[in-house]
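J.: Since the structure of chain H is already known, use the hints to place chains B and P on it.
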Amino acid sequence: MAGERGVETVDMLLNMGPQHPSTHGVFRMILKVDGERVEDAEAVVGYLHRGSEKLCERENYRQIITLFDRLDYISNFNNELVFCLAAEKLMGIEAPERAQYIRTIMCELNRISSHMMFYGAYGTDVGVFATAFMYGFREREVIQQVFEAVSGARMMHSYIRVGGVAQEVPADFVPRVRAVLSGLKRGIEECDRLLTRNEIFLGRTRGIGVLSAQDAIDYGCSGPVLRASGVPLDVRAAEPYLVYDRFTFDIPLGKSGDCWDRYWVRMEEMRQSISIIEQALTQMPEGAIQTPVAKFGFVKPPKGDAYVRAENPRGDFGVYLVSEGKETPYRVKIRAPSFCNLMALRQMVRGSYLADAVVILGSLDIVLGEVDR
Amino acid sequence: MPEPRPVRRGPEKAEPVAPVRPDAKMEALLKEAFAGFGAAFGYAVDEVTVTAPRERIVEACRLAKDDPRLRFDYLRCLAVTEYGDYFQAAYLLFSTALGHKAMLKTNAPKDDAVIPSVMGVWRGADWHEREGAELFGVTFAGHPDLKHLLLFDEFSGKYPMRKDFPFEETVDWTPENDRPWSRLPQEGS
Amino acid sequence: MEIKVTPDRLWKGESLLHKSGAPGVITGKSDELIAMARKSSLWPLTFGLACCAIEMISTYMAHHDLDRFGIVTWPSPRQSDVMIVAGTVVKKMAEPIKLLYEQMPSPKWVIAMGSCATCGGPYTRSYSVVMGVDKIIPVDIYVPGCPPRPESLMDALIKLQDKIMREGKTPRA
Numbered sequence: 000m001a002g003e004r005g006v007e008t009v010d011m012l013l014n015m016g017p018q019h020p021s022t023h024g025v026f027r028m029i030l031k032v033d034g035e036r037v038e039d040a041e042a043v044v045g046y047l048h049r050g051s052e053k054l055c056e057r058e059n060y061r062q063i064i065t066l067f068d069r070l071d072y073i074s075n076f077n078n079e080l081v082f083c084l085a086a087e088k089l090m091g092i093e094a095p096e097r098a099q100y101i102r103t104i105m106c107e108l109n110r111i112s113s114h115m116m117f118y119g120a121y122g123t124d125v126g127v128f129a130t131a132f133m134y135g136f137r138e139r140e141v142i143q144q145v146f147e148a149v150s151g152a153r154m155m156h157s158y159i160r161v162g163g164v165a166q167e168v169p170a171d172f173v174p175r176v177r178a179v180l181s182g183l184k185r186g187i188e189e190c191d192r193l194l195t196r197n198e199i200f201l202g203r204t205r206g207i208g209v210l211s212a213q214d215a216i217d218y219g220c221s222g223p224v225l226r227a228s229g230v231p232l233d234v235r236a237a238e239p240y241l242v243y244d245r246f247t248f249d250i251p252l253g254k255s256g257d258c259w260d261r262y263w264v265r266m267e268e269m270r271q272s273i274s275i276i277e278q279a280l281t282q283m284p285e286g287a288i289q290t291p292v293a294k295f296g297f298v299k300p301p302k303g304d305a306y307v308r309a310e311n312p313r314g315d316f317g318v319y320l321v322s323e324g325k326e327t328p329y330r331v332k333i334r335a336p337s338f339c340n341l342m343a344l345r346q347m348v349r350g351s352y353l354a355d356a357v358v359i360l361g362s363l364d365i366v367l368g369e370v371d372r
Numbered sequence: 000m001p002e003p004r005p006v007r008r009g010p011e012k013a014e015p016v017a018p019v020r021p022d023a024k025m026e027a028l029l030k031e032a033f034a035g036f037g038a039a040f041g042y043a044v045d046e047v048t049v050t051a052p053r054e055r056i057v058e059a060c061r062l063a064k065d066d067p068r069l070r071f072d073y074l075r076c077l078a079v080t081e082y083g084d085y086f087q088a089a090y091l092l093f094s095t096a097l098g099h100k101a102m103l104k105t106n107a108p109k110d111d112a113v114i115p116s117v118m119g120v121w122r123g124a125d126w127h128e129r130e131g132a133e134l135f136g137v138t139f140a141g142h143p144d145l146k147h148l149l150l151f152d153e154f155s156g157k158y159p160m161r162k163d164f165p166f167e168e169t170v171d172w173t174p175e176n177d178r179p180w181s182r183l184p185q186e187g188s
Numbered sequence: 000m001e002i003k004v005t006p007d008r009l010w011k012g013e014s015l016l017h018k019s020g021a022p023g024v025i026t027g028k029s030d031e032l033i034a035m036a037r038k039s040s041l042w043p044l045t046f047g048l049a050c051c052a053i054e055m056i057s058t059y060m061a062h063h064d065l066d067r068f069g070i071v072t073w074p075s076p077r078q079s080d081v082m083i084v085a086g087t088v089v090k091k092m093a094e095p096i097k098l099l100y101e102q103m104p105s106p107k108w109v110i111a112m113g114s115c116a117t118c119g120g121p122y123t124r125s126y127s128v129v130m131g132v133d134k135i136i137p138v139d140i141y142v143p144g145c146p147p148r149p150e151s152l153m154d155a156l157i158k159l160q161d162k163i164m165r166e167g168k169t170p171r172a
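Residue numbers (numbering that gives the first Met the number 0), protein chains in the order written: chain H, 0 to 372; chain B, 0 to 188; chain P, 0 to 172.
Incorrect hints may appear among the rest.
Claimed, not checked - Cβ pair distances, simulated, as ranges:
1) B:P18 / H:R245: 17 to 25 Å
2) B:R68 / H:P231: 16 to 24 Å
3) H:Q62 / P:G69: 39 to 47 Å
Think of the hints as simulated: they come from the structure by calculation, not from any bench.
C-beta atoms are modelled at their ideal positions from N, C-alpha and C, and glycine is treated no differently.
So that you can see chain H by itself, here it is in the shape it has in the complex (with noise of 0.2 Å):
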């Protein structure tokens, strides 16, 4: 076609991936560029398929837990929680009060660590090379040692149970996490310092990747992505599980839908979790952790089927739940907020300039574990 001074260009189709520095994963990009403009995007997503649907028809409800651990491998505790609660309502139980409260602090403890990988994740995609991830793993590493303490594990914890958690929290839980959080803040203050205001940083995301509340809705995206377009819609408000209805905290909304304003949102998010963690921390009663479901781990829901979702940090995490009254489930159907956010990449991308690309899929953080499930 002839460009605007009839000089003839030729489309050129450009790919990205599977392994690229970032693309977060095994995720690959089909660009068709036109120059430095993008003009259409295909992602191309499977590479990480590793069928846990079907293999959750294999295993019992406590084996899955193990396998949702490997869905969003940032969020483990989030997603364990989601397929735990799906289980309960099936069967009509709820975990100890002092159970919620464990699962709260585990699973906002988990959203700070998961807005810190995406911070340095983030920095190396708008070219602060290491040092953004320097900085976020600094304050991932201690969460980390939390969580080891804690359930064993660095990673996959397999903690959270149908009917309650695993054990009881080290003896000095309390004191250290609140530790933890005071180091946190000083922790965020400094990422902040150093990307939120940056020239380069603005010039980068400022009114790139604009994606409208209108367009956010229709594509079903959730979580961060959505609320930097402005829809105050999160999952811990708007339906209330575990204890969230007892704390107050804020969702913190963009204004234009851009990728700094998604950066910003999780940066916020990251202020209110802790905020959320004092105020669980201030009410954790004693008491029972587990159900005896959870101790005997006879878990058999009745026939039936349930929906349950969450606010992981990425999104909406929802599990849809078929039950035959079986030890196994018949069917088990993950609904992954990275999965419906990568969806609105493509109007994203659209009309880019194709370092830009690099930088929405960045903003939307993804995690190629729960897109191919």
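T.: Chains B and P alone, transformed into the frame defined by chain H:
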């Protein structure tokens, strides 16, 4: 060969069913809105389910989205499930404006596994439908581009999420046995 | 062939190199010295598949710091020596992995990190998972764990360095 012995059965026990937390307001609302659809109503614990005939599912979805009392503008999930002799697609809906939820369902028999696509109603149905098509073999009629999403072309005609697909896939990759999955068991065999 | 090198610092802890009389000068077989150079600047391919990649990144970061072993990541297969297969290898990804391996220049080494890359791990016998990366490319070191701790990965890399030295010491057939 010994005769099979009759199995002794105990007294018939009622099968336990998941507890229902009724939502009378939503139920009444949906019954009123979907009155002319020949729909069946039920519960998935705390969500009201509306099972509409598949010929009218697009119409039902559009009504759910456009009706000012319902305004289900957000498709949370589209789950395909295989039951005995039919496939069921469950549309999990949420209204960002009104903050309520519901579940639409539709069934398609296995020998005619075609469900109309709802991509015209919510664009977010796109990948969910592609996934359902490749994992279960349900054709979402009207979807513009129903190609493989998570799997790849070697799986054409094989639907791993179906119940008759074996769990234990024993064909392995070795240098001599390159691309072994092209010899996966055929559908129905 | 005997060659002489004058390193900045005296190399310590290498029993197979013998000191010559002059201070700051070590002599050794050329194969050994080349192996020493190779093991001291391993460049792994930046390439994460799944969960283990997060622990791999943790290992690169300041807390565990792989730079002190001379290990720096490199995003292109054309200049890297080590491939750390961190995560589940699925059938769709098998061919790209094979391609990446073939793109790396010799000598090259492969570390299978975690039980998925070793044998399929929790996804054993899933319809879309390759049961271990050794089905498609040769593996030098296997790291157990799901995911392995950063210390395990460090141990694997040190073991790989030992292996490279051993390869330099053994006369080629």
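J.: Against which earlier hints does the structure fall short, listed by number upward?
T.: Violated: none.
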